[in-house]
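Chemist: Here is how the chains run, residue by residue.
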Amino acid sequence: MLETIGVDSINDLLVDIPPSLRLEGLQLPAGLSEFETMAQVSALAARNKVYPDRLTFRGGGIYRRFIPAAVAAVTSKPEFYTAYTPYQAEASQGTLQAIFEYQSLIAELTGMDVSNASLYDGATAVAEAAMMAYVHTGRNEVIVSGYVHPEYVQVLRAFGEGRGIKVRKGGEPNKKTAAVIFQQPDFLGLLVDARAITQAAHDAGALAIACVDPISLAILAPPGEYGADIAVGEGQQLGLSPSFGGPHVGFIACRKDLVRKLPGRLVGVAHDAQGRRGFVLALAAREQHIRREKATSNICTNHSLCALAAAVYLTYMGPYGLKQVADVGFRRAHALADRLKTLPGWEMAFPDRQFVNEFPVRVPKAPAVLRKLARKGILGGLDVSRWFRELKGVVTFTCTEVNDARAIDELIEALQP
Amino acid sequence: MLETIGVDSINDLLVDIPPSLRLEGLQLPAGLSEFETMAQVSALAARNKVYPDRLTFRGGGIYRRFIPAAVAAVTSKPEFYTAYTPYQAEASQGTLQAIFEYQSLIAELTGMDVSNASLYDGATAVAEAAMMAYVHTGRNEVIVSGYVHPEYVQVLRAFGEGRGIKVRKGGEPNKKTAAVIFQQPDFLGLLVDARAITQAAHDAGALAIACVDPISLAILAPPGEYGADIAVGEGQQLGLSPSFGGPHVGFIACRKDLVRKLPGRLVGVAHDAQGRRGFVLALAAREQHIRREKATSNICTNHSLCALAAAVYLTYMGPYGLKQVADVGFRRAHALADRLKTLPGWEMAFPDRQFVNEFPVRVPKAPAVLRKLARKGILGGLDVSRWFRELKGVVTFTCTEVNDARAIDELIEALQP
Amino acid sequence: MTEPLSFELSRPAVDPPRLPDAEVSGPAPADVLPHDVLRSHPLGLPRLSEPEIMRHYSRLASLNYSISENFYPLGSCTMKYNPVVNETAAALPGFAGLHPYQDEDSIQGALELMWRLERALCAVVGVERVTLQPAAGAHGEWTALRMIAAFHHSRNENRTEVLVPDSAHGTNPASAALSGFQVVEVRSGPDGRISLADLESKLSPRTAALMLTNPNTLGLFEREILDIAEMVHATGALLYYDGANLNAFMGICRPGDMGFDAVHMNLHKTFTTPHGGGGPGAGPVGVKAELVPFLPAPTVERTNGHLTLDYKRPQSIGRVRSFYGNFGMLVRAYTYILAMGGDGLSQASQDAVLGANYLRKLVEGDLEMPHEGPCMHEFVASAHNLHDSGVRALDIAKALLDKHFYAPTVYFPLVVPEAIMVEPTETESKDTLDSFAAAIKEIVSRAKTDPASLHAEPTRLPVGRLDEVAAARRINAYLQGTSDDPVLRWSPASDGAS
Amino acid sequence: MTEPLSFELSRPAVDPPRLPDAEVSGPAPADVLPHDVLRSHPLGLPRLSEPEIMRHYSRLASLNYSISENFYPLGSCTMKYNPVVNETAAALPGFAGLHPYQDEDSIQGALELMWRLERALCAVVGVERVTLQPAAGAHGEWTALRMIAAFHHSRNENRTEVLVPDSAHGTNPASAALSGFQVVEVRSGPDGRISLADLESKLSPRTAALMLTNPNTLGLFEREILDIAEMVHATGALLYYDGANLNAFMGICRPGDMGFDAVHMNLHKTFTTPHGGGGPGAGPVGVKAELVPFLPAPTVERTNGHLTLDYKRPQSIGRVRSFYGNFGMLVRAYTYILAMGGDGLSQASQDAVLGANYLRKLVEGDLEMPHEGPCMHEFVASAHNLHDSGVRALDIAKALLDKHFYAPTVYFPLVVPEAIMVEPTETESKDTLDSFAAAIKEIVSRAKTDPASLHAEPTRLPVGRLDEVAAARRINAYLQGTSDDPVLRWSPASDGAS
Ligand SMILES: Cc1ncc(COP(=O)(O)O)c(C=O)c1O
Ligand SMILES: Cc1ncc(COP(=O)(O)O)c(C=O)c1O
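Protein chains in written order, with this note's numbering: chain X, 1 to 417; chain R, 418 to 834; chain H, 835 to 1332; chain F, 1333 to 1830.
Nothing false has been slipped in among the hints.
Far from chain F by the CB rule (all over 10 Å, computed), these chain X residues: (1) 168; (2) 176; (3) 341; (4) 345; (5) 349; (6) 368.
Cut-off 25 Å, straight-line C-alpha distance, at most; resulting in silico cross-link-like pairs (DSS-like, lysine-lysine): (7) R:586 - R:809; (8) F:1644 - X:166; (9) R:793 - X:49; (10) X:261 - X:166; (11) R:583 - H:1146; (12) R:583 - R:593; (13) X:372 - X:49; (14) F:1693 - F:1773; (15) X:169 - F:1644; (16) X:365 - X:392; (17) R:809 - R:758; (18) R:466 - X:376; (19) H:1264 - H:1275; (20) X:176 - X:166; (21) R:782 - R:793; (22) X:294 - X:166; (23) R:789 - R:758; (24) X:261 - X:176; (25) R:592 - R:678; (26) F:1644 - F:1620; (27) H:1146 - R:809; (28) H:1237 - H:1282; (29) H:1036 - R:711; (30) X:49 - R:466; (31) X:372 - X:392; (32) R:586 - H:1146; (33) X:169 - X:392; (34) F:1534 - X:294; (35) X:392 - F:1644; (36) X:176 - X:256; (37) F:1735 - H:1237; (38) R:466 - R:782; (39) F:1693 - F:1780; (40) X:341 - X:376.
It is worth saying that the hints were derived from the structure and are not from the lab. Glycine is no exception: its CB is placed at the ideal position from the N, C-alpha and C atoms.
Isolated chain X, as found in the complex:
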């Protein structure tokens, strides 16, 4: 090859690099065989403790759920996972149609008009939605109402700072308010009055941004039903393993009139000269590669493969399967709550509030209790006082279809003094 190029060595191709910059090589160990590589990586994996699904009662944004084997069987197809963003539509119909189906599924689930192709995670989805509201309303304050996931709020703040968007915790919307952001169920698992919050936002001329748990939407009114303008959320529960927090997928869907402000990819229907249906990247004029500094967002690579997983998951479940999964979590969490509150000194932190499958309990000596559970191989609830000083001793527990009745018994037994 060097001969064809007409040079003697690779160095002749590197002539533009100032000699003072040239290295002798990298300060890294020499390469390993695949066997040795896996041995090292496996040794690291073995230094983590993974709790069994059924004995995991901790949520806080990442949940253990049954993942059908079909999901990995699809996402592990090299044709999907080793393709690039579908720039050449005709050679990328597999990815494009899968995203189109994902968009349709998310729109259906949230009751909104249009979903985008995916965002990085729930946190950046909240931030992007706030950005949309900022641009749409021309106002630069967003209100975070109630217990929204603290890390989402942190990301929102970081995003907001760049654009000069103020993030206010609580309070009534007013004419400076671009949007009111709330989480349903909230970070503690409690239901908020989504209708009232939405109404109040609209009354102030602000948008209502609902951050929702996708599985709960098989039970709860979706944002579209109570008039929210933008629905966002974290899609991890839709067929993705916890994986220490990522990669998962942020979803965002909105009303028709906000579509031009949506961040990221959008796939739409198109046809060829013979009238055959196909799918293409659509409304690209919103995006960075066309609009550059005027784009709605800077996002380029997003989370397609995770969106594919979510699409397979939702298609596997279908309407009745998703309802079943949501119902089972609901029933089990309520049964668990009933038993936990009978433990000496334990009480529901917000006894008047409703919940779906995660709920806050006030626990005497919470850190010690959780350590004790860990020793018994149980990943107990999440101590939320870490983020909220006012919630000292409050621990949220979650149940899904993976926590069978015996697992609940085991938890209760392990908690006996």
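Add chains R, H and F with the ligands to chain X, keeping to what the hints say.
Modeler: Positioned in the frame of chain X, the structure of chains R, H and F with the ligands alone reads:
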């Protein structure tokens, strides 16, 4: 659908079944969700103790080897693993070509003219080879020379009984002998004089059947080089996990003039009307579906997918990779032998014999020693006295590229009194 | 697009894969082994990089049809959907990493699975015990016949014949012959069932067994099975069940109740272990009490929850396979049975029968139906009605390939001329059956208007109809020494065998 | 063959999947929740059986091109082979099953991996620390710019402008704008490098940073990088490195040594984490010492072998993503780095440069080369020479698809008319490059003889050229309320959106 058929119920389609035979259902538990199914199956898996690769020094026909991730990436493609035997050649070129490549690789490795498409395992491969010799020579005695895998010999006996073939252990071939069967290296790991055995068989007008370790053939003279007539063996080491003994793959390859007596599938080159090359099942007139009771064997479903794994493995390794793997096992086994024989009371069982990467040691209180290793998480050698009374206290140890130098140190440490 | 062989893609410039070093100071082979023990010919394996290997096999994969992408109505093969969870289960490290010669207390989970699978299979077919050793259906047949031989032998009876219907699968006579029996063929009657008169005339004190599948390979239930069993047993012979067609009646009836003494099952058919392009499968054999002493060793026994491998079986026919059978396939089948449950398996068979009868109805106007229905889980049609057009069953098969359907089994069973044997299975939807029927209709109508176009098919696949006759001629030339091209393997001489 | 949508394949007859029962006596939602909190519209998800789902997605998969099957010379995207072992590593239960809110002592392996990956990335790019939080390149750019803003702010400097070359990727100006900066464009000179004169004129006390990639998007090394760095630093601004092109010079030189203060890396380009059809990726950002205080929290710290998450970072810009980034992608990248080692990474870059120059040489007779070589890991050609034939870069792209090659990046960078940006990567063989060059040659020669045929391509794919303009018109109609067909999603109204 019932309406189209013109019946009222499924029962109307079952009218030919005598009513006395009809069941109310099966005496089996009701079905489970995929999640519960996996929970139960995983619980069973968890009741097995799996020793780490590196601390497994037991062989005896099943070996721990490095399996490139590429192997499973290929064999887990549904296009391969959910296809049937390639009856319709034009729609099965993937499988057919892969088998053709496998046949070519095995022929190359063994130095024989032609390999078949696969057999069930090493044991049935030995038995099928004996059957070929019986038909070819018209003689009904086979000699098993030296330490051939005892389970292979058992299977050979069971096969032989049907056809009236006598299996003799040891002794000189004579004019009743259809074949002399030997294993190289033998069951204990020792090298036999393959040339001399082959010569003696030929001198008596018998065939020489060599049962070989495929990886050793990167080092050792292959059967084709010393004139064996049929080469057989177990292909587990070519990219297949131990899996409690199966499924793996038996290979069989032979000289040109025996090809018509080969059992099982054979793939050959063919062309279409446009001259394009393709692959088809060939010489089917040997097989049961054409020849019925006159077939060379009854085999139908064989071990295609395992043959595919072996093909990917051998292609991944290439000539130098396979040599490297064989060399590493050789060096480590010799280093281990040198250290084991210095342990008090330990000695090489056959100090004058050569070996490749498995070798027999005489071990004081062998069962107790092996139990002690097991307690320390090490799968020590194989106590072969279970099969051979004369080998009381003899344990075979094996090393491959998975047993790194530190693992060998750990073994030696664990053996200190 | 066809794909070059790996040997043709090989490039000397490719580096070998990175592999561990010896790390120890042991000698190299050439240091200690005598020269004549060492390989002298260079090892001619291809040299490809990992990316090239993956692309090569990806392209090969794309040349296949499979149940994961295509309707695969291969009669007698039960190509039903293979649930992906089976694969997840078999890959669990607790199974995949298990050495067969570990101590018993470290393999309790594996033995328990085998024991439970054995119990479940006993319940499905109605037998006393099951051996899980045989690796495939044919292997199971042979194993069962060896047991039957041992049984007669133990009673000092010299029975040398095995009766096999003319509609039987080729493995049946082959297995019988391999087991040392003479094969005597029994004819089918005009209704597609075994002729009782012919059976009567063939039964004798020499008869060791009758091998039968039910429903038979025509997809028809042997209505007189109870009479047949009585006749066979009356002569002192045993009745053997070829379980390839078990998918027809799980939960509906059981071979054991019909009088069968030995039964093989194809886990790769009825119990959804994947076919792998021609295996591996698993062919367990179930037996009634009288055959239990002859089961291959070891069996799995369970006492007080502790599982053991029992090698002490003095009357055993011995061992039919190394280790304990195709354990990985046993895991898959057990996973399937757990997920389906008794209810699911019964439903599966009912749906299989429903689908077959539905499809039969849809195509009965297009193809000849040599036997009256209803059928069970499959049916055999005939292209004999197209004889005048010159269109044969093979042409229909190839034309179906062009329509993205795999072809039914053709020319089997041998008792039906131009046989087209269709087994849709329960995992196909009505839509799929409808579109398959529509394809048949189109092809049959084309047989009448444009038969030549059918002889030319397939045209949409990577290769057209391959000339097996010419291939056989070239193989002959090689075997007879008149050509250097081995045809059955790549060789540099044949320049890519092209 | 196109494939119906899952919604169109939906059948009401399909049973829902078997799922666990509640097993406990907790109340149902409707028992306790007020009516208006409950969903009232039925959930319109499709209903397919598992076999149907698997077939559907198998068929969709077969409509894609991917690096696993096709040469994918997408400039700027570094579509190199993704080793399968990466996937095995990320799927290890010890990683995949880990909850992000477990106690620190139960996640030491994960933190250790992150720590080691950070050290390795520091070594490759020459920086002090790296944050692994950003989920992609653009996210990393924005994260870095937030840090740069915080840096200037901490020094009480009010710097409002970010300079971006006209050849920059669209994410650069977008990220700058999102971070609150004004974007000022810097022009490229005739040699394809940034114009120092123009840079000089744009630099000012308002300048917060210059964003640069090197080699730039034309594949050319910015020869005067040391001067540029000096100029930028002299005004008090910082230098930002867009690491999309890092594959050009691992082990050859380092952005840190060139004077870059912040660097993002695309693990999904340089470090072989798969692209997933558009993500997930990972966009870690490395910084020099002066920016370390501003890194997102938490960072991973290691003391005496014990690893902790450090949240106490008072000057931190905060958090840019939930949890700790795309951990699964970090596992893959770390696995790759371990396997390659320092030697392997250096070799990779050298091979990438070699391949790009070789391919450039092969096609330089067919396409215009707007800039002189040598190039680094990619090159930008132009189809401008075909202008008279009416053939455009897009036509060449589509014609390549018909030849089973994915197309290069076209119309980027914007500074080259009819740009065709080719990045072959080091994992392609010479044979592949040769056949790609032959394809280009054939297409270009056809441009001269039969340009119309090129406008009609692709013709061998499941669909022909799709009309994006008409699609946009239909979307507009929907958004403006003059049509009910949402175009951007399936709806029953649009009857399958067909
Ligand atoms: C009726 C019948 N019997 C026996 C067999 C043999 O089974 P196997 O291929 O598993 O050996 C088959 C399979 O093709 C069959 O269809
Ligand atoms: C030069 C350049 N910069 C930045 C990016 C953005 O990276 P990402 O897509 O990961 O956000 C890309 C990727 O397309 C690129 O090519």
